[in-house]
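Colleague: Each chain, letter by letter, is given below.
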Amino acid sequence: MTVFQKEFSLSPKPRGFHLVTKEILQQVPEITEIKSGIMQVFIQHTSAGLTINENADPTVREDFETFFNRTVPEDMSLYKHTYEGADDMTSHIKSSLLGSSVSLPVTNGRLNLGTWQGIYLCEHRNYGGSRKIVVTLMGN
Amino acid sequence: MTVFQKEFSLSPKPRGFHLVTKEILQQVPEITEIKSGIMQVFIQHTSAGLTINENADPTVREDFETFFNRTVPEDMSLYKHTYEGADDMTSHIKSSLLGSSVSLPVTNGRLNLGTWQGIYLCEHRNYGGSRKIVVTLMGN
Amino acid sequence: MTVFQKEFSLSPKPRGFHLVTKEILQQVPEITEIKSGIMQVFIQHTSAGLTINENADPTVREDFETFFNRTVPEDMSLYKHTYEGADDMTSHIKSSLLGSSVSLPVTNGRLNLGTWQGIYLCEHRNYGGSRKIVVTLMGN
Chain A
1 MTVFQKEFSL SPKPRGFHLV TKEILQQVPE ITEIKSGIMQ VFIQHTSAGL TINENADPTV
61 REDFETFFNR TVPEDMSLYK HTYEGADDMT SHIKSSLLGS SVSLPVTNGR LNLGTWQGIY
121 LCEHRNYGGS RKIVVTLMGN
Chain B
141 MTVFQKEFSL SPKPRGFHLV TKEILQQVPE ITEIKSGIMQ VFIQHTSAGL TINENADPTV
201 REDFETFFNR TVPEDMSLYK HTYEGADDMT SHIKSSLLGS SVSLPVTNGR LNLGTWQGIY
261 LCEHRNYGGS RKIVVTLMGN
Chain C
281 MTVFQKEFSL SPKPRGFHLV TKEILQQVPE ITEIKSGIMQ VFIQHTSAGL TINENADPTV
341 REDFETFFNR TVPEDMSLYK HTYEGADDMT SHIKSSLLGS SVSLPVTNGR LNLGTWQGIY
401 LCEHRNYGGS RKIVVTLMGN
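Residue numbers (this note's numbering), protein chains in the order written: chain A, 1 to 140; chain B, 141 to 280; chain C, 281 to 420.
To be clear, the hints were calculated from the coordinates, so they are not data collected in a lab.
All C-beta atoms in this analysis are idealised placements derived from N, C-alpha and C, irrespective of residue type, glycine included.
Don't take every hint at face value.
As the list claims (entries may be wrong) - Partial list, derived from the structure: chain B residues whose beta carbon lies under 8 Å from chain A:
hint, residue
1, Met141
2, Gln145
3, Met229
4, Ser235
5, Ser236
6, Leu237
7, Ser241
8, Thr255
9, Trp256
10, Lys272
11, Val274
Just chain A, with the same shape it has in the complex:
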């Protein structure tokens, strides 16, 4: 049984949804040693999230930003926790709607995703900076 774990930071991204599959995989070449197992990707923040979605057309990521801004409005009269601005509490809510981790199958040394799947960093803050990630690989 192999367990491999690594902590690293993603480069800072502007607010929005960003495809980060390659940036994550570059950090864990040890994935090639796992024939069958899982990869957990965890983000150590409460104002950004991770999700799996379409890896080709950038308008999907734009439409995500539109939808989540519409569904979680930056109306400060709705929230108490707004010390850091209108994008403070809304970022916490979005991070729980989308989730703090993704868990993916690993097969024959590679992520076993569908053809159109990729990992998104969901950056909800206007100025989020670099984001810390913990990847855990487990398998045989």
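With chain A fixed as given, assemble chains B and C onto it according to the hints.
Modeller: Using the frame of chain A, we list chains B and C on its own:
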């Protein structure tokens, strides 16, 4: 340590929410070999999802469809990514709101769910076809 | 490879969002034996959920309650599954929006969370009672 992994397809389902616990467990009889561990169920698509919810009353699944259609409206003026119709971008959004995988405890060779819990396939497309699944079982 | 699993109940909580990181960790002192791995926390209910969010300011938890009540309205005319009252179907929906489990990295015998992260019990029912949890620890 046992790691067991299997890829298979679920039979095609109409748009809506479907209880698939039995259809999944039929594919992985090896679960009986795991005394203590986890089962990850991953869907290799970005327009369908997986979630855990009530396994008895079918009106729960109907109400899910009602709620998600109301919350993620099929109004093509809201989205750019609508090449495949009004259910295209909304399906991507719903799949990230509900998630691409579920991770469940396994105890004494069985899923250790609550009495009322089952696994839902969340089919967001009008004509989604069969959906590919990867199950990973890990434990002792 | 270590696999450790424990079932227990959380003390009953009023409707709302509650920080339960300590209450969970008290149940699994075996976490100190894991140098590198993951902890899965699973809730055996379909009307309550688990998520990761801000562990300091209680107004974040209040704003979560406000947001989810606004987004999943207790309007019984919208739903069929309302046998147990206006908080019945809405609790099922909220539990799938937020999720039934959280999966966290474990490093050097401790949860490897960000500074501001904690585990929330999301109690969606008016009178939910105690909630059953299954924790699975896996790693080396």
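Colleague: Hint by hint, say whether it matches the structure.
Modeller: Status of the hints after comparison with the structure:
{"no.": "1", "hint": "Met141", "result": "4 Å, holds"}
{"no.": "2", "hint": "Gln145", "result": "5 Å, holds"}
{"no.": "3", "hint": "Met229", "result": "5 Å, holds"}
{"no.": "4", "hint": "Ser235", "result": "7 Å, holds"}
{"no.": "5", "hint": "Ser236", "result": "4 Å, holds"}
{"no.": "6", "hint": "Leu237", "result": "6 Å, holds"}
{"no.": "7", "hint": "Ser241", "result": "6 Å, holds"}
{"no.": "8", "hint": "Thr255", "result": "25 Å, violated"}
{"no.": "9", "hint": "Trp256", "result": "23 Å, violated"}
{"no.": "10", "hint": "Lys272", "result": "7 Å, holds"}
{"no.": "11", "hint": "Val274", "result": "4 Å, holds"}
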